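**Q** The chain contents come next:
There are 2 protein chains.
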Amino acid sequence: MTRIVILGGGFAGLFAAKSLVKHLGKSAEIELISDQNFFVFQPLLPEVAAGSITAAHAISSLRGLLKHVKTRKARVHSIDFEAKTVTVFQGVQRRPTQVAFDQLVIALGQSTDLSRTPGLSDHALAMKTLADASRLRAHVIEKLEHADITQLPEVKQEALTFCVIGGGFSGVETVGEIKELVDRSLKYYPSIDPSEVRVILLEYADNILSELPPRLRQYAAQKLAARGIEVHTSTGVASATGTAIVTTNNDVIGTRTVIATIGNAPSGVVRGMNVRCERGKIVVDRSLAVAGVPDVWALGDCALVPLVEDASAPNEFAPPTAQFAVREARTVAENIRRKLSGQKPRLFSYKSKGAMASLGGKRGVAEVMGLTLTGFPAWLLWRGFYLSFLPGASAKLKVLLNWVLDGLMPRSIVQDVKPENSHTQIAHYRAGDRIFEAGNWADGFYTIISGRVEVRMKDSNTGELTTREIAAGGHFGERLILGESRRAGTVRALDATEVLVMDRQEFLRLASAFPAFQNYFQAYFKDTYGIDWTPAGQAQ
Amino acid sequence: MTRIVILGGGFAGLFAAKSLVKHLGKSAEIELISDQNFFVFQPLLPEVAAGSITAAHAISSLRGLLKHVKTRKARVHSIDFEAKTVTVFQGVQRRPTQVAFDQLVIALGQSTDLSRTPGLSDHALAMKTLADASRLRAHVIEKLEHADITQLPEVKQEALTFCVIGGGFSGVETVGEIKELVDRSLKYYPSIDPSEVRVILLEYADNILSELPPRLRQYAAQKLAARGIEVHTSTGVASATGTAIVTTNNDVIGTRTVIATIGNAPSGVVRGMNVRCERGKIVVDRSLAVAGVPDVWALGDCALVPLVEDASAPNEFAPPTAQFAVREARTVAENIRRKLSGQKPRLFSYKSKGAMASLGGKRGVAEVMGLTLTGFPAWLLWRGFYLSFLPGASAKLKVLLNWVLDGLMPRSIVQDVKPENSHTQIAHYRAGDRIFEAGNWADGFYTIISGRVEVRMKDSNTGELTTREIAAGGHFGERLILGESRRAGTVRALDATEVLVMDRQEFLRLASAFPAFQNYFQAYFKDTYGIDWTPAGQAQ
Numbered sequence: 000m001t002r003i004v005i006l007g008g009g010f011a012g013l014f015a016a017k018s019l020v021k022h023l024g025k026s027a028e029i030e031l032i033s034d035q036n037f038f039v040f041q042p043l044l045p046e047v048a049a050g051s052i053t054a055a056h057a058i059s060s061l062r063g064l065l066k067h068v069k070t071r072k073a074r075v076h077s078i079d080f081e082a083k084t085v086t087v088f089q090g091v092q093r094r095p096t097q098v099a100f101d102q103l104v105i106a107l108g109q110s111t112d113l114s115r116t117p118g119l120s121d122h123a124l125a126m127k128t129l130a131d132a133s134r135l136r137a138h139v140i141e142k143l144e145h146a147d148i149t150q151l152p153e154v155k156q157e158a159l160t161f162c163v164i165g166g167g168f169s170g171v172e173t174v175g176e177i178k179e180l181v182d183r184s185l186k187y188y189p190s191i192d193p194s195e196v197r198v199i200l201l202e203y204a205d206n207i208l209s210e211l212p213p214r215l216r217q218y219a220a221q222k223l224a225a226r227g228i229e230v231h232t233s234t235g236v237a238s239a240t241g242t243a244i245v246t247t248n249n250d251v252i253g254t255r256t257v258i259a260t261i262g263n264a265p266s267g268v269v270r271g272m273n274v275r276c277e278r279g280k281i282v283v284d285r286s287l288a289v290a291g292v293p294d295v296w297a298l299g300d301c302a303l304v305p306l307v308e309d310a311s312a313p314n315e316f317a318p319p320t321a322q323f324a325v326r327e328a329r330t331v332a333e334n335i336r337r338k339l340s341g342q343k344p345r346l347f348s349y350k351s352k353g354a355m356a357s358l359g360g361k362r363g364v365a366e367v368m369g370l371t372l373t374g375f376p377a378w379l380l381w382r383g384f385y386l387s388f389l390p391g392a393s394a395k396l397k398v399l400l401n402w403v404l405d406g407l408m409p410r411s412i413v414q415d416v417k418p419e420n421s422h423t424q425i426a427h428y429r430a431g432d433r434i435f436e437a438g439n440w441a442d443g444f445y446t447i448i449s450g451r452v453e454v455r456m457k458d459s460n461t462g463e464l465t466t467r468e469i470a471a472g473g474h475f476g477e478r479l480i481l482g483e484s485r486r487a488g489t490v491r492a493l494d495a496t497e498v499l500v501m502d503r504q505e506f507l508r509l510a511s512a513f514p515a516f517q518n519y520f521q522a523y524f525k526d527t528y529g530i531d532w533t534p535a536g537q538a539q
Numbered sequence: 000m001t002r003i004v005i006l007g008g009g010f011a012g013l014f015a016a017k018s019l020v021k022h023l024g025k026s027a028e029i030e031l032i033s034d035q036n037f038f039v040f041q042p043l044l045p046e047v048a049a050g051s052i053t054a055a056h057a058i059s060s061l062r063g064l065l066k067h068v069k070t071r072k073a074r075v076h077s078i079d080f081e082a083k084t085v086t087v088f089q090g091v092q093r094r095p096t097q098v099a100f101d102q103l104v105i106a107l108g109q110s111t112d113l114s115r116t117p118g119l120s121d122h123a124l125a126m127k128t129l130a131d132a133s134r135l136r137a138h139v140i141e142k143l144e145h146a147d148i149t150q151l152p153e154v155k156q157e158a159l160t161f162c163v164i165g166g167g168f169s170g171v172e173t174v175g176e177i178k179e180l181v182d183r184s185l186k187y188y189p190s191i192d193p194s195e196v197r198v199i200l201l202e203y204a205d206n207i208l209s210e211l212p213p214r215l216r217q218y219a220a221q222k223l224a225a226r227g228i229e230v231h232t233s234t235g236v237a238s239a240t241g242t243a244i245v246t247t248n249n250d251v252i253g254t255r256t257v258i259a260t261i262g263n264a265p266s267g268v269v270r271g272m273n274v275r276c277e278r279g280k281i282v283v284d285r286s287l288a289v290a291g292v293p294d295v296w297a298l299g300d301c302a303l304v305p306l307v308e309d310a311s312a313p314n315e316f317a318p319p320t321a322q323f324a325v326r327e328a329r330t331v332a333e334n335i336r337r338k339l340s341g342q343k344p345r346l347f348s349y350k351s352k353g354a355m356a357s358l359g360g361k362r363g364v365a366e367v368m369g370l371t372l373t374g375f376p377a378w379l380l381w382r383g384f385y386l387s388f389l390p391g392a393s394a395k396l397k398v399l400l401n402w403v404l405d406g407l408m409p410r411s412i413v414q415d416v417k418p419e420n421s422h423t424q425i426a427h428y429r430a431g432d433r434i435f436e437a438g439n440w441a442d443g444f445y446t447i448i449s450g451r452v453e454v455r456m457k458d459s460n461t462g463e464l465t466t467r468e469i470a471a472g473g474h475f476g477e478r479l480i481l482g483e484s485r486r487a488g489t490v491r492a493l494d495a496t497e498v499l500v501m502d503r504q505e506f507l508r509l510a511s512a513f514p515a516f517q518n519y520f521q522a523y524f525k526d527t528y529g530i531d532w533t534p535a536g537q538a539q
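Quick mapping for you: the protein sequence lines, in order, are chains A and B. Residue 0 is where the first sequence starts when you use numbering that gives the first Met the number 0, and the numbers rise one by one after that. Residue 0 is where the second sequence starts when you use numbering that gives the first Met the number 0, and the numbers rise one by one after that.
In short, the hints are calculated from the structure, not lab data. Computed from a prediction, not measured in an experiment: that's the story for all the values here. Heads up, a few of these hints could be off.
Chain copies aren't distinguished; within one or between two, either way the pair holds.
[What the hints assert, rightly or not] Derived pair list, reagent style SDA-like, types lysine to any residue, alpha-carbon separation capped at 20 Å:
(1) K395 x D284
(2) K417 x H138
(3) K417 x L124
(4) K525 x P514
(5) K127 x V268
(6) K66 x S18
(7) K66 x M408
Take the sequences, apply the hints, and build the full model.
**A** Below, the structure written as structure tokens:
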């Protein structure tokens, strides 16, 4: 029996699987490989981030949606086009497993690359996955909790400034929803005055929602402004730290929340493939077959799908939208059937039926079949369309219930996930930034990757003040090992500085288990502070 | 104005705050400090773990529940009883903040300590917090996903064996709910035969639910057995690894899911306090005042609350249940009012109204006011009682809707949180266990804390097999730094072995940023493999 393997469980992969079942029934063995066991309904992610939809309700189980398809939760590692196998890591992701195919459908989507802007990938929150949306919600609530109780005006202002980078659909919907979340939550935070909150949208181009006609763009910008959102066009982000961003106009905005909806890039697997790529996407012909590789197809955001012969201008290729992905999926499925029965393939062609954006606060903009709508009707159309588009009856019912409850009840501010989850992270500081202060909780161990810091210490007996400089390759905060729980000194960045921060628990675990670490620090404490330190367990 | 500070936002803290508002109105300033901004309804956690209730719906916002109370999301660090201040870390948890009090209520609950059983704290899942419950659900689904696709019978059997340790209310309800989750999910996993699933409850005492009358205990044990759950009494756990537990009867059970509901221990803050403790709890008198410290009260699971004068037998102290915590909260509030108005305190006394347990599968046991109920009526009573007890109208509505939907729709198998979240962890192996195999994905760097391993390598050119032993203090897997993505050798534990595993990303980050690490490995690669390695960035 023909084995068809689909890589990816987004719109493109899910609908390709569904169409293949329709075209081929049980005459083929169809397997879908995805690194998560659910389909995420991307258009609802901003609402998940804002809490109007519970995270678990914006997603559907792939196994539930795909009855006659074998579903494999695994991470794709590589493809051998000659041997016709895909290598995946499944389970605890250690043992490589080979999955054979006769026909392969690549629908791996895109990932995000923010590395071109210093500090952005380390300090910005993304809005691409379900986890991103949940984390963003938890992060925003964390900032409100902090702003409500802090005594420091600067910290309060940074905590109450929320910046979204990118004025496309995702950025506009995210900023609208975040504003609504904050507005509806403020009643629980008595020490925060609404005037202290800033919600900002930055777009590098000279207008937002460039896919829409000018009239709708203007309406959207006005509506966002009327709702109290600052929209800065012709403004990109030049660098980011944990407490500020610097714009391309050299403005400094103090903020502890930067949400990046920009920076699409090919996924790691696609980058590692030996196929022709252009503009970061896999080159396919108009039948969606991958150029130069027999029996392999690509579609969706990872593929460069031409809409006309000899396409070259950007608008001659399919845009990366769900609407196109679903139509491409049908073409791929039909062409696989045609190929298996020796027929000629059909060429993909499709014309967009329109575009819509929700602006939050029950307002939207829509252009459908040449008609334009704004305000509440557009927002209602947006919700109605996406509800009908949502695959799976139980998901539809749950999202509908979420919307009804959200209309009736106050927005929940429970912070049901932890905002952070990395134990070793890179942090950026601008010259002059305080990294930590004497008396602070000793939260981790710092290694300087680039830049320079100054450590200022006061001798607790004599009151004498000493300072020393530490440059790239040096480290500070290592006195954790000695049992320090509060910082003895104050550290400031002298230049723009990049550090690796290893959290307290990770560092202490490593220091207690790894002898090379212990030997190094034993010598270091002796040389630097004249302290004889004996690692626990070695003392005799 | 009198400042009353409450530490902890569980049943005891929440109800103390509510009662204080009732007793004192606006004549006192009441502040509650909790490290999460929500109240968790503990009795529903097993249902969250099983997915019949969405995590966000088993909790209520503390700010929403406590209208006239200042709420501070912060971690309590220490208490200065003399100066009458609490030191907390808030925000990014660095800067210490002093919170002053006139009256202090300690309701910090208990934490878990599994350290007495080798491997248990590193390999068991807990069931104490909301995050624990969410993680457990994700973990169970991960095991089903893996069992469905693995080719290895041993791995499949381990993945399909689920062990719950502890036959108290929490353990019994958890095992019942996990069984229901697995049973209802199996239809999505075509390669799993129901007979391959084992769900096991281990209890060290000679019966489960020892708080209930013998007839109900027997009913519960029979009902669990009838539902296909193996109940092993007089059986504890002696040690645990990532793939097995060894029982106190020396049986080895291959399993990748161990859920520990045992091991209550005082929280870190309580341990660090300078107050009298007995049985791991703060000693209070019958008015709930902390012995020897004026103006400080303690209640709930962190306090040893005597029910009679000169209490000494275990049953002469209040049990750690929500029922008692709520009654204690009322007494503390009343006694603070009495103290402020110069009256004598009231002594705490309360007699349990009964106990109930849900067994899953719509069955339960209950003893209420001397009456006993079993089966469906007991289960219905359980749900009705907890629904009425749940604080907050919107939480009630949400939980009710969850139950209705769960009754109508298939159980969702979406894995909406990641099962693991630590980047450096300790893992235990039994003698003979394979740690990894040649060809496996190189997932991290291993340091041996105790024990001994054997590394077996095959030269890819000559086919020659070499073996070497590595003992405590040694390490393996460091070839990640050289760009290795697959393991070159196979590693097995020779003795019972404990290792620190640092995940790939963390290790590579540290290796690239920390020169002492680089110097060590540069010398190590030269000495051990004769490889000249130059860290990136240092090459000139």
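**Q** Would you mind marking each hint as holding or not holding in the structure?
**A** We went through each hint and held it up to the structure:
Proximity of K395 and D284 under a CA criterion of 20 Å is satisfied in neither setting, with 36 Å inside one chain copy and 56 Å between copies. When the C-alpha separation of K417 and H138 is checked against a cutoff of 20 Å, the pair qualifies both within a copy, at 8 Å, and between copies, at 18 Å. Taking identical chains as interchangeable, the C-alpha atoms of K417 and L124 lie at most 20 Å apart whether they share a chain (14 Å) or sit on different chains (17 Å). Taking the closest pair of Cα atoms, K525 and P514 come within 20 Å of each other both inside a single copy (16 Å) and across two copies (18 Å).
In this assembly of identical chains, the alpha carbons of K127 and V268 lie at most 20 Å apart only when taken from the same copy (17 Å versus 39 Å across copies). Proximity of K66 to S18 under the C-alpha cut-off of 20 Å is restricted to the intra-copy arrangement: shortest distance 12 Å within a copy versus 53 Å between copies. Proximity of K66 and M408 under a CA criterion of 20 Å is satisfied inter-copy only: 16 Å between copies versus 36 Å inside one chain copy.
Comparing the model with each earlier hint shows a violation of hint 1 alone; every other hint is respected.
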